[in-house]
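Next come the chains, spelled out residue by residue.
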Amino acid sequence: MNLNLKKESLRKVNETLQSIDRKSNKKIFKISNPDGNHAICAGLKDEIEVTIDGHTGYYCAGMNMNANIIVNGNVGTGVAENMMSGTVHVKGNASQSAGATAHGGTLIIDGDTSSRCGISMKGIDIIVKGSVGHMSAFMAQSGNLVICGDAGDALGDSIYEANIFIKGKVKSLGADCEEKKMKKKDQNILRSLLKKASINESEIKNFKMYGSARKLYNFNIDNVSEY
Amino acid sequence: MCGIVGIYLKNKKYNSQLGKFLTGMMNSMATRGPDSAGFAIYSSEKKKKYKYSVCSNTDQVKEISKKLSKHVKDIKVKSISDHLIIETAMKPKKFIEILKNHEELSLVGYGSCIEIFKQVGNPKDVVKNFSLEKFSGSHAIGHTRMATESAITTDGSHPYSTGEDECLVHNGSLSNHNNLRRSLQKKGIEIKSMNDTEVAAGYISNGLSDKKSLKETLLDGLKDLDGFYTFISGTKNGMAIVRDEIACKPAVVAETKDYVAIASEFQAMAHLPNVNSAKIFEPEPGKVYSWGK
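Just so you know, the protein sequences line up as chains A and B, in that order.
For the first sequence, position 13 (counting from the first letter as 1) is numbered 13 according to my numbering, and the numbering increases by one without interruption.
For the second sequence, position 122 (counting from the first letter as 1) is numbered 122 according to my numbering, and the numbering increases by one without interruption.
What the hints contain is simulated information worked out from the structure, not anything from laboratory work.
Keep in mind the model is a prediction, meaning the values are calculated, not measured.
By construction, the Cβ of each residue, glycine as well, lies at the ideal position given by its N, Cα and C atoms.
Taking CB as the label site, the calculated pair distances span:
#1 Thr153(B) to Ser172(A): 41 to 47 Å
#2 Lys30(A) to Arg182(B): 57 to 63 Å
#3 Arg11(A) to Val61(B): 41 to 47 Å
#4 Thr153(B) to Lys12(A): 38 to 44 Å
#5 Ser225(A) to His271(B): 56 to 62 Å
#6 Ser277(B) to Ser225(A): 57 to 63 Å
#7 Glu8(A) to His102(B): 51 to 57 Å
A partial selection of chain A residues facing chain B, derived with a Cβ cut-off under 7 Å:
#8 Gly36
#9 His55
#10 Gly57
#11 Asn74
Only chain A is shown next, with the shape it has when bound in the complex (with noise of 0.2 Å):
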């Protein structure tokens, strides 16, 4: 089914998309002329396949849940924020905030993300085969961001139980974030989150981990002074 955002009007287009007839086999959408437009694809909550032609604009499927989300574009800040699960892949670029907050799902990019990806992060695998912007990871909390590219500076300050794979340079580490040795239940999960984003496996000699060094945990009386 083709949705074309010339013709008709950004709410119309969600509202089919978020309330689909599970008992109708129609699966497949379309979006044309997306223009630039906020919260395309956003609260999409069934496993239907959207591909959207064209650049996007803020929190482009934002609270994702079950669908298949595929950008032939650019999109704006807060990609796929707050997803819950299923899967965003991009094929341009992303700006600031890509994954934020997200619980669930898969995130893949193909080019670059600007400042702030996986911000806050809670459980999603995000995949970035160009390079990250400054703060990336920030404060994240669980899930896996993989970075094929180089990261800007304050990688992963104050993160949390997430894990970051880099494969190359790191301008600057955040607070509180320390490279890690790869075991080799960590190597798995990077093997199958390369997998997922059609990446060769072997590329994993080549990256790095990155974690928390879990110092600001809890209040440490050496600091005491700092208050």
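Once you have looked at the hints, place chain B on chain A.
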């Protein structure tokens, strides 16, 4: 919030459509800034002539022309909505002094190729009032304002121009503008309003008058201007964009072989020709990008 837009045409075939392009960009940024709007248009340079963009609170163009022509010879006045574009060979220093004697007129910009228009109201109405669609030129910069730092007045609207053929639009806010205003005023830069952006415009004018390039001035600004901002600055020769190091104020650039467009959001340029095949990127924090002759 605020919306900022800019377009620089590399291919002259689009010059006659500059106003049309900018109208679309401003209209789609109306949601980011519904309080007031303004724009600066650069067209071909008039040798030995100056254009003074003036906001007037009277519509009696004939009387004004008559009054001014007592002091100034060879004067041509064009009236668009509540603005006048006064064209004369008289040099800025002298002419600005004369303007000061006319309370009903306030200068919003001047130069050999710049024209500036700004007004309180929804951007969609403002661009209609000034018939922006009809303008042609080589590059243009626009702003839609959601007021935070100073009152909703024409004085508080962007673009700000504190030097010949210069202009600045800003999304963000500055926290050290009071100190900077004082130090710039001491150096002789005229800053009329209490607005933070006008101070940044003055800062750039000061840098340029020290014979620094626009790029150098904006890089220095990263150290001296405290706050958060995305700036688009225009000069006779082109335009530049810079974002502060934190980069929480958005910007996206689309570049084709025919033009470069900058906007707060991509939707502002979705109507531009062949934009879907343009090179689209987000300016990196703390880096100056410029285009021009």
